[in-house]
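For reference, the chains in residue letters:
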Amino acid sequence: MLHDLQREFSDVALTNSVAALLPQVTASRGSRKRRLGVYHANTVNSLTDVLSAAYPVVQRIVGDRFFNGLAKEFIEMHPPRQPTLFRYGGALADFLGGFVPAKDLPYLVDVARLEWARIDAYFAADRTPLDPQRLADVPPEQIGDLKFIVQPAHQLLESAFPIFTIWAMNQPNLDSVPEINFTHGECGFVSRLDNIVIQRALSIDTLTWLGALAEGKSLGAATELAMGCGAAFDLQNTLRQQLADGTFSDFHV
Amino acid sequence: MSDSKLSTFSLAAAVAGAVSMAAMTIPSTASAAGKEKCYGVSKAGENGCANAAGTHSCAGQSTAAYDNGEWKLVAEGSCVEMGGLLEPSDGINEDAKMKAG
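Top to bottom, those sequences are chains A and B. Letter by letter, the first sequence follows residues 1 to 253 of the working numbering. Letter by letter, the second sequence follows residues 254 to 354 of the working numbering.
Per label pair, the in silico range of CB-to-CB distance:
| no. | chain 1 | residue 1 | chain 2 | residue 2 | range |
| --- | --- | --- | --- | --- | --- |
| 1 | B | Glu329 | A | Glu158 | 28 to 38 Å |
| 2 | A | Glu73 | B | Thr261 | 51 to 61 Å |
| 3 | B | Glu329 | A | Ala232 | 37 to 47 Å |
| 4 | A | Gly230 | B | Gly270 | 19 to 29 Å |
| 5 | A | Asp175 | B | Gly270 | 35 to 45 Å |
| 6 | A | Glu76 | B | Glu329 | 16 to 26 Å |
| 7 | A | Arg200 | B | Ser263 | 19 to 29 Å |
| 8 | B | Gly270 | A | Arg200 | 12 to 22 Å |
| 9 | A | Asp120 | B | Ser263 | 32 to 42 Å |
| 10 | A | Gly185 | B | Ser260 | 25 to 35 Å |
One side only, chain A facing chain B, incomplete, derived with CB under 8 Å:
| no. | residue |
| --- | --- |
| 11 | Gln133 |
| 12 | Ala136 |
| 13 | Pro140 |
Hints are computed from structural coordinates only; laboratory data are not their basis. Just so we're clear, the structure is a prediction, and the values are computed from it rather than from any experiment. C-beta atoms are modelled at their ideal positions from N, C-alpha and C, and glycine is treated no differently.
Throw the hints in and build the complete structure from the sequences for me.
Structure (structure tokens):
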């Protein structure tokens, strides 16, 4: 009985289906349907705010009204599945891929993926970054077999569109937006350092290198793969940058 | 390492170089230890209760959800500034053309 009542109320809150609950509502004034509708409106507004906080760049690209509209449809199709809001909205990128009104903005899907990767990075487990000095103790003949452990927060992204540039161009307080070349893609990573989410675009050889290391390949094997990408892969500088970004938490030989 | 393309020496030298340079730039763990993260709280502090929108029922603000009739299915944000309306085939993006022009 109580379960049914809660289910009916949940239907009202999520989809404004008031038929089942309506006969049980008493109202001294005003329309009962309208009074129930308040719960639906509040639910949709709250969830829209959650999506807005998670996807500020998507919102900025399409504008508030479009965003509110797409949020409404998303919330109907993907109601929350768990009682915490901080993980709500991860399916938005896939949703956008099938959202007809957004088909003129094909890069939107990958921008949404980037924004969700930032949320993932923010909530990923903490690992203290590897102290580079520990590498100094590895005997030179074992360096090639060394395997790094990548931070849980660290994620690689690849897009046919310049998503990192698009993201950067849509931060608040930017006066002017330079022309963006939409014909070339970008890859990069999102991670977290000192509790701050960081992201950088990467060259294809560095992406290959990091991808191989994340898969558990040895430093020697990953470096050979990266050198095979054609460009002149600079191991020293790449490793220095990744150590500074706290990409690795540990290694073993 | 048995592959000839990459000598043990060059690998070790590059790693040693990176380590010596990293010594100057590595973030101290002390700075990270000074901050603490609060799990279960959303990015900008939006959890279910603290949400500004969650106070609507008290403030009596919103009685109707976003009306489909209120919005048009046209993106009107920064995509226009970026010259980013990528119509697949038939559409012509005059704004981007002008910017490129």
